[in-house]
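The listed protein sequences correspond, in order, to chains W and H.
Taken in order, the first sequence gives residues 43 to 226; the numbers are from our numbering.
Taken in order, the second sequence gives residues 72 to 302; the numbers are from our numbering.
Simulated from the structure, these hints should not be mistaken for lab results.
Bear in mind the structure is a predicted one, so any value in this text is a computation, not a measurement.
The beta carbon of each residue, even a glycine, is placed where N, CA and C say it ideally should be.
Any given hint might turn out to be false.
Negatives, chain H to chain W, calculated, CB over 10 Å [as the list claims (entries may be wrong)]: (1) 133; (2) 134; (3) 189; (4) 221; (5) 263.
From the structure, some residues in chain H lie toward chain W, with a derived Cβ separation under 10 Å [unchecked claim]: (6) 98; (7) 100; (8) 237; (9) 242; (10) 256.
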Amino acid sequence: MIRAKDRPVDERGGMDWLGPEFLTWLWWRASVAPEFASADGSSLYVHIDEFLELKGERAAARKTSLRSGMPAASAEGKVALRNGKVVTSARLLFARGEEETSLTLRAEDLDVSGGRPPAPDAAEPEERLASSLAGVRRLYEDLDLCYATFLAVRCSDRWEAEAAALRAWGGAPSEEESPSPTYS
Amino acid sequence: MPSVHDADFTRRLLERRFEPLSAHEERAFGWVTADNCLDARFETGSTAHGPCGVFSLRIDKRRVNSRLLRAMMDLELRGRRKDADAAAEGAPGAKKPSGRLSRDERSELRKALTEELLRNTSPTMEVHPVLLYPRERMVLFGALSKPANETFRTLFCDTFDVSLSTLTPYHRGLELLQGKGGGEALSAVRRSEFGGPGLTASEVPAALRQRAMGLVAEAAASSSEALGDRR
């Protein structure tokens, strides 16, 4: 963010937990209701891809890093959540119709890395650059859409119900934790 | 911030454009065009792509390989010792020189070898894209490494005479909530726990809360008694 030199700013507002809370919520939301409605009427689908990292505080400060094999549906992820850990980084997949964009989002500063917008199909370098810029712009707009949706709930009376639903989801066994069939 | 279509915008970029490393320099950085890292000839409007300004930060570094420097120092010292021994053999009766260099001489030698190595070392190059949206007062920098970010911050602030703040979740939240209560809406928000033991205070039954407070009071009383006994 650009600001005038004489205007100091409190970068975090004492809310370091806001980013991890958002990403934890997004994990839950992507699992139960992955569709986000844009203002223009189009739909964005969010999916947690091949990477999920959770971290806690104090006794649970150890990091849980899950890679490949659908980490969002894993038993380890939910166990970490139950132990008070929150999501600090995740590989996300944004899907809009045929277009897919993947990125790794770090919760602390909403830093994006490994962003892969749809490959530009234009032949001319100028057009390719324009297409790439549009892809980056779209990526940040989609991120804003998810974050704005979160904030709308987070700053409303609906939050307690939403958080309770998230806790219930976290408490329920994952697909991996479901009891296996017994043989008599 | 000047508009990306403005001559002033181009002038500022040109003032801080990338200049290649001189023979003795170890590090150089500056702005180059987005499509060619060898091109730093900005023209008015050439960086503009719609409302967005696009250019790149180029950082060149030339580092002397410390292992190579040590090896060259060693060879040089050995050579000097050999020369000293040869000179002593050629002049019998004269005091044999030790062949050892003083601290200052070693330092001079190291400096000379470092400069020689620097001249012969090719620089490494990093190029990171910069996307600037002056209207939204937002700039996207295409690298997460700390040194690159620090260089970018310094150069950007010097170029445009502004400061940069990280777009943290809190800041983005304030911007997205503009017109919906913004800061006030966020200030009322308290941290939630999603884990098993993490019930918020309001979720803990009143009786349990009272019991917990009683236990805390008992513990405080007994510890102050224990301290009193010790005194």
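> Can you list which hints this structure breaks, lowest number first?
Replying inline: The structure conflicts with hints 5, 6 and 7, although it agrees with all the remaining ones.
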